[in-house]
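Protein chains: 4
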Amino acid sequence: MKLVHDPLHGYIELDDFAVRLVDTPEFQRLRRITQLGFAFLAYPSARHTRFEHSLGTFHLAKRVRGYNPEVEEGVVYAALLHDLGHYPFSHTLEGIFPKHEENTAWIIKHGSVGDVIRERYSIPEFLNLLKHPVVSGDIDVDRMDYLVRDAYYTGAAYGVVDLERLLRNLKFDGRRLIVEEKGLIAAQNLLLARAMMHPTVYFHHTAKIAEAMLRKAVELEGILLEEIRTMDEIDLISKLRNSEKPEVRDLIKAIDSRNLYKRAYCSKVELEGKILDEMKGVLEDEFGHLAILNYPPKPKYEERNAFVMTGGELRRLSDVSPLVKSLVEMKDVHWEWCVYAKKEIKEEVGAFLKSFLDPYRSNYSGKERG
Amino acid sequence: MKLVHDPLHGYIELDDFAVRLVDTPEFQRLRRITQLGFAFLAYPSARHTRFEHSLGTFHLAKRVRGYNPEVEEGVVYAALLHDLGHYPFSHTLEGIFPKHEENTAWIIKHGSVGDVIRERYSIPEFLNLLKHPVVSGDIDVDRMDYLVRDAYYTGAAYGVVDLERLLRNLKFDGRRLIVEEKGLIAAQNLLLARAMMHPTVYFHHTAKIAEAMLRKAVELEGILLEEIRTMDEIDLISKLRNSEKPEVRDLIKAIDSRNLYKRAYCSKVELEGKILDEMKGVLEDEFGHLAILNYPPKPKYEERNAFVMTGGELRRLSDVSPLVKSLVEMKDVHWEWCVYAKKEIKEEVGAFLKSFLDPYRSNYSGKERG
Amino acid sequence: MKLVHDPLHGYIELDDFAVRLVDTPEFQRLRRITQLGFAFLAYPSARHTRFEHSLGTFHLAKRVRGYNPEVEEGVVYAALLHDLGHYPFSHTLEGIFPKHEENTAWIIKHGSVGDVIRERYSIPEFLNLLKHPVVSGDIDVDRMDYLVRDAYYTGAAYGVVDLERLLRNLKFDGRRLIVEEKGLIAAQNLLLARAMMHPTVYFHHTAKIAEAMLRKAVELEGILLEEIRTMDEIDLISKLRNSEKPEVRDLIKAIDSRNLYKRAYCSKVELEGKILDEMKGVLEDEFGHLAILNYPPKPKYEERNAFVMTGGELRRLSDVSPLVKSLVEMKDVHWEWCVYAKKEIKEEVGAFLKSFLDPYRSNYSGKERG
Amino acid sequence: MKLVHDPLHGYIELDDFAVRLVDTPEFQRLRRITQLGFAFLAYPSARHTRFEHSLGTFHLAKRVRGYNPEVEEGVVYAALLHDLGHYPFSHTLEGIFPKHEENTAWIIKHGSVGDVIRERYSIPEFLNLLKHPVVSGDIDVDRMDYLVRDAYYTGAAYGVVDLERLLRNLKFDGRRLIVEEKGLIAAQNLLLARAMMHPTVYFHHTAKIAEAMLRKAVELEGILLEEIRTMDEIDLISKLRNSEKPEVRDLIKAIDSRNLYKRAYCSKVELEGKILDEMKGVLEDEFGHLAILNYPPKPKYEERNAFVMTGGELRRLSDVSPLVKSLVEMKDVHWEWCVYAKKEIKEEVGAFLKSFLDPYRSNYSGKERG
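Residue numbers (this note's numbering), protein chains in the order written: chain P, 1 to 370; chain V, 1 to 370; chain A, 1 to 370; chain W, 1 to 370.
By construction, these hints were calculated from the structure, which means they are not laboratory data.
Take the hints with a grain of salt, since some may be wrong.
Cross-link-like lysine-lysine pairs, in silico, DSSO-like; alpha carbons within 30 Å at most [as the list claims (entries may be wrong)]:
| no. | chain 1 | residue 1 | chain 2 | residue 2 |
| --- | --- | --- | --- | --- |
| 1 | A | Lys331 | W | Lys99 |
| 2 | A | Lys182 | W | Lys325 |
| 3 | P | Lys99 | P | Lys253 |
| 4 | W | Lys171 | A | Lys182 |
| 5 | W | Lys262 | W | Lys99 |
| 6 | V | Lys325 | P | Lys354 |
| 7 | A | Lys343 | W | Lys182 |
| 8 | P | Lys253 | P | Lys343 |
| 9 | W | Lys343 | W | Lys325 |
| 10 | P | Lys182 | V | Lys325 |
Some chain W residues well away from chain P (every beta-carbon gap over 10 Å; in silico) [said to hold, decoys possible]:
| no. | residue |
| --- | --- |
| 11 | Asp6 |
| 12 | Glu13 |
| 13 | Arg20 |
| 14 | Arg32 |
| 15 | Glu52 |
| 16 | Lys99 |
| 17 | Gly137 |
| 18 | Gly155 |
| 19 | Ile234 |
| 20 | Asp235 |
| 21 | Asp256 |
| 22 | Lys268 |
| 23 | Pro296 |
| 24 | Arg316 |
| 25 | Arg361 |
Cβ atoms here follow ideal geometry from the backbone N, Cα and C, with glycine treated the same way.
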């Protein structure tokens, strides 16, 4: 057994099998995958990595299993490895490559970590464990760790959650992880905390801009899925710094020195696919890599799928709590798409987009910001 | 100047005038008025008093004034003294005596603290300052201090608020304390934190029972308003312990040894005044002090009156935030009335109430619990 | 099993036997015994009581026993009850009554808590458990709880201790609680933390003055040991407030309104017993209750008795750590005796003492302060 | 003015000049220089960088200047830039390149940050400010920030310091930063905290091994001072990963996957220069890069140069506090030199060194560990 010190959970105890999983190059790589992408450009202290978060998730899974011995043991190792597939800067590149869960599966199948896993589990069996509700649900140990951890590292007050009360009131019923009556407020708070971390930290526009710039650089460089799968941030950044394409070098230099693009045009109005495609095309033609569209998917608050046991009845948390219900309404409050542009041409790009969108204006209404 | 160390705000600086106000017996009495009444029976660590809270409120008022120099200086002293009128165990006795604000005014008029105030302000002028929006609004320094303080002392995670961000984004417009755009999330969080502290801490049934028992003892003892106005908790409890009436001594002994009454009957259904009065009467006749009705007023979440400046417009926070709006709906979720009874007769009292209420049952519907 | 929420340890789990001990009037009385006496006059937030501390000590004892199953179970209940005998304001009155440990034994023998204990242990057996090294040594769970708790409630930075590391590295060898190599720094830090809490919090002169005033009031009132044994702070203060002796009422009123005596004369020079007695007499004759001598015993830092296992050898912590060794030297750095006097006669009393002590001056040398 | 959120200091306010300094590539590079080198291999959460620390140091310098307006303004900018010259992994490479202070001066002279500085200060003037006692003394803002920050990020309890009290009790006398009487305990605690962070965090052997391995790789790769001066960690690691020398690639791969060398031989006995040189030679000949000597300089605790004003007299803190004095004695307690070797040859290397040192054994005595 090995003890790892963690500022959030005190000591994390790793059993021998966990130690062997942690000691694989695939897991050690997570030390070089920043948890919150470029959030550190807005919150300089947010330098934590997927490594610590994975250990914390493992620790919480063990706690849940302590109260629910019928949860199979493999779940705690699935919790440990659930983020193995994150690309450099975490979610940043998911727009251009498959989601990290897909890459986690790939790494488990192809990496040396798979050899360790196979001593105890078949690969398909283990991949199944990654979807276990303790690891991956609406109230799960992943979320419980990252909210509290992100709050600690950014100093944001919003991620504070009564983990102890929640942990002691989660009941696995064989199919779902259910919140018991006494944990209702704590569960509600977890979902609210998440909702408030979104605009404050996760969607901070400084991070969004840098992330869009990195995506553009990666696209221009033509990095392949096979390459990115196992790259860490050092590999990626150094490759881009040494690119043969001046645009790529420009972009990465701008990120490195935090000389970021600015918001040229932002809007909360959804665009039809056809218009969107056309806009992308003309932007590309007109400004090349100097203007970047960031049209994020609408956030999903799957809070509807959290269940509580109240008064002997199993109910949706969103039916019990008007607060949680209102999270669904809030979903879009902070959503917007933007075009970012190099500072010097910001006005020009803004004007260009206004006149491009003007003809379509009758088709929709909404709030936007030039 | 004097420095007072505070675990929440670091050091609180008291200027000479503040020191002289603090040094009055009326202010020192607040050291013996528990902030959260009998919450310590559920959260043993909640032993803080109105004294620390008053210093903290003063400190935050000074911070707000630092960013809003047009706020008149007297407001910070009003913040210091705003809770001077609390009776023993804070809100506990407000059901049978006038609200503490009325008593604050009385103490200021009649206590030696008034002599200090008069050196700088007329009494009517000062009483007016107590209603200043910085001290007494929906987003005010009172609330900002007590939420964070109550969270610290109970260890409840829900009262954590980004005070710094909120403080830096409050603008006094001469009439209202307005939240600026950048403080929106923090303000929202303040109101949510309050909403979550209610069921968890403020309405904890153990505290509610002890409070109802104390009210009954005070009523039976026939304590007069003139007496209670300046009593501290030592005065009150020792008077009740030494009462000539055995029922009073019984009640206080039960509180002291945490041998509390139990919930005999609780309901979320509102009762008509007539039925309520009749029920009180028959309960009293049948069980005397051994059964106590606690029919609390419905909670008011006045969140509707918090204003934010967003996109150059002044709007209600509840119009901007679906979450805050849903707080209005949540208002009643945790409301209920109860009859508490001595453990030995709990079943009997419950049955009695069921049969008493049965004839009226067709008049209303709702959820209740025997 | 019952859960109690605690801001330091999260949740404290009370088994049924512990609940029954906690539910006795003797244990509930601890809710009305302030942990740090009058320290709240200097640190207003220090309002915690022996009740929370006792629960915390119990919790830590269970943790130690978790790592050392050979520790007998009774030790955790001894930890729970170890402070049962504290008089009002904790150590304040130990100068005039027997030490609280003696009173703990008395209460266990005579109180209803003894009936609960007897179900499992004989009284002599249980009294023996109170001296178990886990409960009462140089590195013990009592100290571990109170340092961290006092730091939390005062906001003093000095009491922060790596409890987790220490807990995991304490080994009971059947006779002593030994610190293992990996816990060396944490143990050292515990002792240092204690050494720094002394001058900052525990010996704060404001608290010392109020405590001396209370002792004087209790002496003047002639309160008997039989009375004080089971009094709580409400009993004591209300008795003194209602004293027939005006001096007693004066003293208690001065404490209540924090209108404290001042230091008239302080010295770091020890006095011979004869001179001390004579001084007491003349002070009493001249000034009565208006001047109070506080001649505290020299502090004992028994750190010498903490043992560590290092390099396979059992050694004294003070032999291994020059820092701990230097604590012995520091012992006297903050010691001093004082005469406190009513503000108006402070100068007079100071002058009186100077001239009283002048003839003896050749007998000693040292630093003093008029 | 710009606000930066920091979990330790709340909000850090950057004035326009500070923003311009922060916006230089030289300062942004600090985001990619880990504060504690390879401590994250032992404390995974210790991922903070020189960037946050520099902002924090700036903030504290402003606080000190707030209480000491006679401190010239340039000092706060010197605090901001004091760590500009750190090489990748902070102190790790100082053994083979000049100390980072020298490189800070070089960067200020040659980097674009110098252009910003020159708007207000001559370069020699600014370099002088870097040596100002507020920035660089025994009690300075650098140390105040890093101790508290390192404690926060590692979760180590030992770095907790009462910063507020210390800040309010530092007086600049035109030559020295003096601790005033009321700050004595806080200052003492700062030095103790540092002394305890050393063995626990700063000298953790896992970090020491990785650092020695990196130094070896850098030496083998033959990286020049001119190159390293402005490299960040991405530059350095990717260069080593892509080295043409297999030994270099081996070393860096071992670090990346935390497959570290082990302690083959450690000793607390100092070696004569001649023996040391000979030992290096034979080790190199016998084992090449598979065995690495780490012979660190003895730690300096310059605590002797901290001054306090006590009783109107200026005295050394070490003369006033036996605890601080004992830090000098402790200096060597944790010092040792080691030879690290690849796991497979650990025993062989240990045996080799034992027999190498045997002939010299009569020359010295002391404790060692094979």
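Pairwise hint evaluation, W/Lys325 against W/Lys343, where the allowed Cα distance is 30 Å at most: Violated - the C-alpha atoms of W/Lys325 and W/Lys343 are around 40 Å apart, more than 30 Å.
Claimed clearance of chain P by W/Asp235, with the beta carbon kept past 10 Å: violated (7 Å)
Check on W/Asp256 being off the interface with chain P, judged by Cβ distance over 10 Å: violated (7 Å)
Non-interface label on W/Ile234, tested against every C-beta of chain P at 10 Å: For W/Ile234, whose nearest Cβ neighbour in chain P is about 5 Å away, the distance does not exceed 10 Å, so it is violated.
Status of the stated non-contact between W/Gly137 and chain P (beta carbon gap over 10 Å): holds (26 Å)
Non-interface claim for W/Lys268 versus chain P (Cβ beyond 10 Å): holds (26 Å)
Interface-negative label, W/Lys99 against chain P, beta-carbon threshold 10 Å: holds (25 Å)
Distal placement of W/Arg361 relative to chain P, Cβ over 10 Å: Nearest chain P Cβ is 36 Å from W/Arg361, so the label holds.
Pair hint outcome, P/Lys182 versus V/Lys325 [Cα-Cα no greater than 30 Å]: Holds: P/Lys182 and V/Lys325 sit about 25 Å apart, inside 30 Å.
Satisfaction of hint between W/Lys325 and A/Lys182, Cα-Cα up to 30 Å: Since the Cα atoms of A/Lys182 and W/Lys325 sit roughly 25 Å apart, the hinted pair holds (cutoff 30 Å).
Status of W/Arg20, Cβ more than 10 Å from any chain P Cβ: With a cut-off of 10 Å, W/Arg20 remains clear of chain P, as the shortest Cβ separation is near 12 Å.
No chain P beta carbon within 10 Å of W/Gly155's: violated (3 Å)
Against the hints set out earlier in the document, violations occur for numbers 1, 4, 6, 9, 11, 14, 15, 18, 19, 20 and 21.
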